[in-house]
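2 protein chains.
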Amino acid sequence: MTAAPGLIKKGDAESFDRAALEALLTKRFFFAPSFEIYGGVAGLYDYGPTGNALLQNLVQHWRQHFVIEENMLEVDCSIMTPADVLKTSGHVDKFSDYMVRDSKDPGSIFRADHLVEAVLEARLKGDAIARAQESHGSLADKIDDLSVNDKKNKKKAGKKAPGEVEPKRLDDAVIEEYKNILAQIDNYDGKGLAALITKYDIRNPETGNPVTEPVEFNLMFSSSIGPTGQLQGYLRPETAQGQFLNFGRLLDFNNNKLPFASAMVGRAFRNEISPRSGLLRVREFTMAEIEHFVDPEKKDHPRFNEVKHLVLPFLDKGTQTSGSTEPTLISIEQAVASGTVANQTLGYFIGRIYLYLVAVGINPNRLRFRQHLQNEMAHYACDCWDAEIHTSYGWIECVGCADRSAYDLTVHSKRTKQDLSVSENLREPRIYDKWVVEINKKKFGPQFKKDAKVVTDYLESRTECELEDLAAKMAANGGSATFIVPDGREFTVNGDLVEIKKVTVKEHIRKYTPNVIEPSFGIGRILYSLLEHSYYTRPEDVQRGVMGFSPLVAPFKCLVLPLSNHTSFESPLLEIARQLRRLGVPARIDDSASASIGRRYARNDELGTPFAITVDFQTVDDGTVTLRERDSTKQIRGPRDEIILLVKQLVDGVISWDNATTKYPLVNTATSDDERD
Amino acid sequence: MTAAPGLIKKGDAESFDRAALEALLTKRFFFAPSFEIYGGVAGLYDYGPTGNALLQNLVQHWRQHFVIEENMLEVDCSIMTPADVLKTSGHVDKFSDYMVRDSKDPGSIFRADHLVEAVLEARLKGDAIARAQESHGSLADKIDDLSVNDKKNKKKAGKKAPGEVEPKRLDDAVIEEYKNILAQIDNYDGKGLAALITKYDIRNPETGNPVTEPVEFNLMFSSSIGPTGQLQGYLRPETAQGQFLNFGRLLDFNNNKLPFASAMVGRAFRNEISPRSGLLRVREFTMAEIEHFVDPEKKDHPRFNEVKHLVLPFLDKGTQTSGSTEPTLISIEQAVASGTVANQTLGYFIGRIYLYLVAVGINPNRLRFRQHLQNEMAHYACDCWDAEIHTSYGWIECVGCADRSAYDLTVHSKRTKQDLSVSENLREPRIYDKWVVEINKKKFGPQFKKDAKVVTDYLESRTECELEDLAAKMAANGGSATFIVPDGREFTVNGDLVEIKKVTVKEHIRKYTPNVIEPSFGIGRILYSLLEHSYYTRPEDVQRGVMGFSPLVAPFKCLVLPLSNHTSFESPLLEIARQLRRLGVPARIDDSASASIGRRYARNDELGTPFAITVDFQTVDDGTVTLRERDSTKQIRGPRDEIILLVKQLVDGVISWDNATTKYPLVNTATSDDERD
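Here the protein sequences line up with chains A and B, keeping their order.
Those letters in the first sequence? Residues 0 to 676, per numbering that gives the first Met the number 0, in order.
Those letters in the second sequence? Residues 0 to 676, per numbering that gives the first Met the number 0, in order.
None of these hints come from the bench; they were simulated from the model.
You may find that some hints are simply not true.
Put simply, identical chains are the same to the list, so a pair is met inside one copy or across any two.
Listed next, the in silico BS3-like pairs over lysine-lysine satisfying Cα-Cα at most 30 Å (straight line) [claimed, not checked]:
(1) 190 x 93
(2) 662 x 647
(3) 26 x 413
(4) 26 x 297
(5) 510 x 26
(6) 316 x 190
(7) 256 x 433
(8) 440 x 472
(9) 256 x 26
(10) 167 x 178
(11) 647 x 256
(12) 416 x 26
(13) 93 x 316
(14) 86 x 448
Treat the numbers as computed from the prediction; the structure is a model and nothing was measured.
Produce the complete structure using the sequences and hints provided.
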């Protein structure tokens, strides 16, 4: 599809008007608060016909791009999950955020990191305004203009609005401190956040009251299963666990061959502390997750060549902890070769994620891959990269891509005593060195008494790296080492009790627990980002928005409309719509008598409908119809049945609009599109 | 697709072997208990790659058949629902089943109606065996042979198995009584079930102990929303409510025109008391629901002509209450004309449901439409028909199709004070008689004091029918009438306080609350029925099942396999699979070196893969491949690229297999399919 260059500022961050987009999204029912007539519930949204069709098309292309093209094993698992499973996965203990309350208004609850972020960002903005006011008055207005919401809030007289910014100059050193904190805000735990709140006097911006100490709040929705109420369950917070639990059956289904990937598209739930930002932070959402099971020693990927040339913006953790958010533009091949990205498979999926996002319409210039910081990363992960998309809310994590190592299969296997490993017969026996721990059981019992099992379990479940560390510690510490077991108690061992050493092993069968590379997509976040990136206005009609969706994802593919209310148009209209629908092309009739044809084109521009077939008097005469393309607003004319098939081909991407205009004559647009009112 | 007649007994009830099907479904991972390695949870299942693809294809065709072809407004609403909404809809108070416990083993819980049904059916079976034994010994064996599960249970020595049947003759009159009860088992409420349990001495079949009185158990999963835990929520028990709540926005989206239909596909939850019967009674399931909003005075349907000729088996409520389960074969047109089906729109959807089910592969000879009995039907519904599919578990309700009248919009509108009605400007004023209630407020207050509002509200919220009844009651009762208000208290009014009368009204604007016709699909139940109807074995290999899915729903459309393990086959194999996948055709490679080609064909017959492309030595020579069709096991040969496009056309239903065999030469099957081992 073509568009006159310069006319369309689709996905342009600078000129973007969020309030105008939001008005369009509400008017055209892309989405709305769930239970709206009951007052709504924060963090719950319903997709209307437009938003839902967009959502389904994103999912549909995801299935084509990943499941079908990469031959993944898609499964569909239960949402209701017994507590035992999520205890093992770590979610019962660790899937939480820190929350604080207003010290005088306990009903006012904030997510601690979001509060710190919001307050520091407001102070930085206030500083920018103050500095601008000092030097050039006009610049201050300009900055103020950009923050539409703030302006709107200021209009409300009386009490201070949440987003209101006070112009106040900060010291240069303080600015640096703030920026440094914000660059690694995800790196702070509860204690860290508490320290920030105290040091920078973070308060509830609405009341000015101090806030309480951060406390952990588990984000899972809890319920109970069965008539006795004795089996506790949670709504799954991600779709991953069902895939891990079915690993054995999936391996069998794949004729016991590795690597393979499972996939799932489904609903997940997070009881967010204080959901804001529309679709970006919600309590119920559609995820699409892939679990790629791979031999830990073979993390190369057979199709790596297909994506390695892609040059992408990588923002690694080193850059972030140095306080910068400037990504490096390098090829995936370079990123893997330099160790920035841990392995080929991770690199391959980063490339595939990029291709998917760009194919559905995300602006590639507003997309980056950010590496997780140490504290941000789940404790088991080796490496994790987020595909972040830039929106008016800032950079938004939309896809995570983590190397979860062998964590998941290991913990579930231990808990259930089910073997979730893979055996490989070796042609040549494998000889290698390995760290092992030997416990002197005779002395161990008397020394630790009833705690002997706890200490033994702890030592025997250490990874090789941990054993190596422990051995080094003992060597450095006169043969003794102190450690903390999971229940929090501290124990000390010495060389009499425990020997940690490197031994040489000879194996004929190699048995290993597969590692998991997990690309995980938040479909709702991608959808919202796509809405921002697709929205534009035409210079000749800045009041009306256009959603510039590609035919691949557009909610409705073709509008069918009569030139006027004339009765002779009715029958061809219905017949065209029916034929399109039979071909699987979602078509929408707009025969509202009261609106001019220009107005009806404009209305469907707001729905992002890429094509429109118009029935006019010539149709009744000679059976031809016109076909309009949304972005160029150009029209061609051709026989009805041919145009219907052409639309099917345009929608399927078999033919381009440019190509179509060479086959059928362009209609003088002066007679059509400027009938807009 | 053709098949030698008589060879295939697909969907044949008599020769069906459930145990063999179940073994196949488990082996080929159609589905498995969720959290299986943790011991599983009753009523929760995961779909594996095969079952999930089948599920997605059923949903995909549902969208094409209903949403796209009928231009419905598909939405996607939240699962987590605040209690207030479900209190209004009636689910908090009424969405329950009756449960009983074993009197000596309170952990043994049954759904009361299922227990009565199971016990009476077992007694009838015992009677049949006893009678058969008396007359012809051989027949008894035959009856016994049919019940595979019972036989299996009998083999376990010792304690009595749940399904075990005791041969015992019953009186003819008792048999009639039992059959009569079973024909209307859904018609009994808690008291009715209690009476049956006492009268027929229904006990826990496993222990022989009596059971407790039936008590109601609400089937919704409960949770709480937000960090304060104060907002109670339930997991939606159906997808309908979200559609009702969005009625206003949907009407606006549809340019304020009626009728229109909304639709939703999504997960719903029911905390079943004692889920059994595999996929047929589960706690979490995918539904697809349509809410067709219509003017209560215009329940005809513009496309009724397209389905009215269909002759279907209708089992109406009169037939059932007379104790029979024999449906009447009449056309939809006759069913509507005779009043058997309440209106055209209901009839239209019954026809469309039939066409959908048959298109995806349900055997039309094992499909019937059963009308709900009075007590079974929700209290607001005017008429309700279930599409029931026959399986080895009996007749299973798979689709409900109800006329819900104006109930839903009325209750939500009342509760929220939001107007959910439609206004129509009348060309001619409308003059009609109407029952109204007039309350003498002066006397009412002193008479009822603080209860005046309760009584007023009760009287003013009566329907016209109820007012007419009340007026008749007052007339018959010397001018006074007694009634019970929702909180259970009884009040009496007389003519001094209240006048109920018929008045003549003249209206220029007609304001009405739309009625709702609701077709509601249990996708999992349709899927399971389809599995039974698709399963067959070939006479030459009765040990191996074949899943005879149509290409429309088959999980994998095309198998790609090498004749042998020869390395020259590898590259064309991968290239063919890749080309198919690019075309959106889910293709599966089976290159397991250890299995013969016949075995690999058979393995994919179990997956229901309709087509198979084989790469052999001739492929390497001249670039041709063979294409095998599953049911006929016949093969044709053609150039690789042509065959790939042919598969795409076969899968899309653009060309038939018969047609394909006229274009490409048949290969002598002696060299291919009998290589099966």
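> For the identical chains here, do residue 662 and residue 647 meet the 30 Å Cα criterion within one copy, between copies, both, or neither?
Replying inline: So residue 662 and residue 647 pass the 30 Å test inside a copy (15 Å) and across (27 Å) alike.
>> Checking an output row: residue 86 and residue 448, CA cutoff 30 Å. Within, between, both or neither?
In response: within (28 Å within a copy, 57 Å between copies)
> Taking 30 Å as the upper bound on the Cα-Cα distance, should residue 316 and residue 190 be classified as within, between, both, or neither?
Replying inline: within (21 Å within a copy, 68 Å between copies)
> Which holds for residue 440 with residue 472 at a C-alpha limit of 30 Å: within a copy, between copies, both or neither?
Replying inline: within (22 Å within a copy, 90 Å between copies)
>> For residue 167 and residue 178, with the copy left unspecified, which applies at a CA distance of at most 30 Å: within, between, both, or neither?
In response: For residue 167 and residue 178, only the intra-copy Cα distance (16 Å) is at most 30 Å; the inter-copy one is 85 Å.
> Under a CA distance limit of 30 Å, which applies to residue 510 and residue 26: within one copy, between copies, both, or neither?
Replying inline: Answer is between: at 24 Å across copies they meet the 30 Å cutoff, but 59 Å inside does not.
> Checking residue 26 and residue 413: alpha-carbon separation at most 30 Å within a copy, between copies, both or neither?
Replying inline: For residue 26 and residue 413, only the inter-copy Cα distance (25 Å) is at most 30 Å; the intra-copy one is 53 Å.
> Given identical chains, is residue 256 near residue 26, meaning Cα to Cα at most 30 Å, within a copy, between copies, both, or neither?
Replying inline: Close across copies (16 Å), not inside one copy (51 Å); limit 30 Å.
> With identical chains treated as interchangeable, where does the CA-CA distance between residue 256 and residue 433 reach 30 Å or less: within a copy, between copies, both, or neither?
Replying inline: within (26 Å within a copy, 74 Å between copies)
> For residue 416 vs residue 26, is the C-alpha pair at or below 30 Å within one copy, between two copies, both, or neither?
Replying inline: between (55 Å within a copy, 22 Å between copies)
> 30 Å Cα cut-off: does residue 93 pair with residue 316 within a copy, between copies, both or neither?
Replying inline: Within one copy only: 23 Å inside a chain, 55 Å across chains, cut-off 30 Å.
> With identical chains treated as interchangeable, where does the CA-CA distance between residue 190 and residue 93 reach 30 Å or less: within a copy, between copies, both, or neither?
Replying inline: within (15 Å within a copy, 48 Å between copies)
Hint compliance for this structure: every hint is met.
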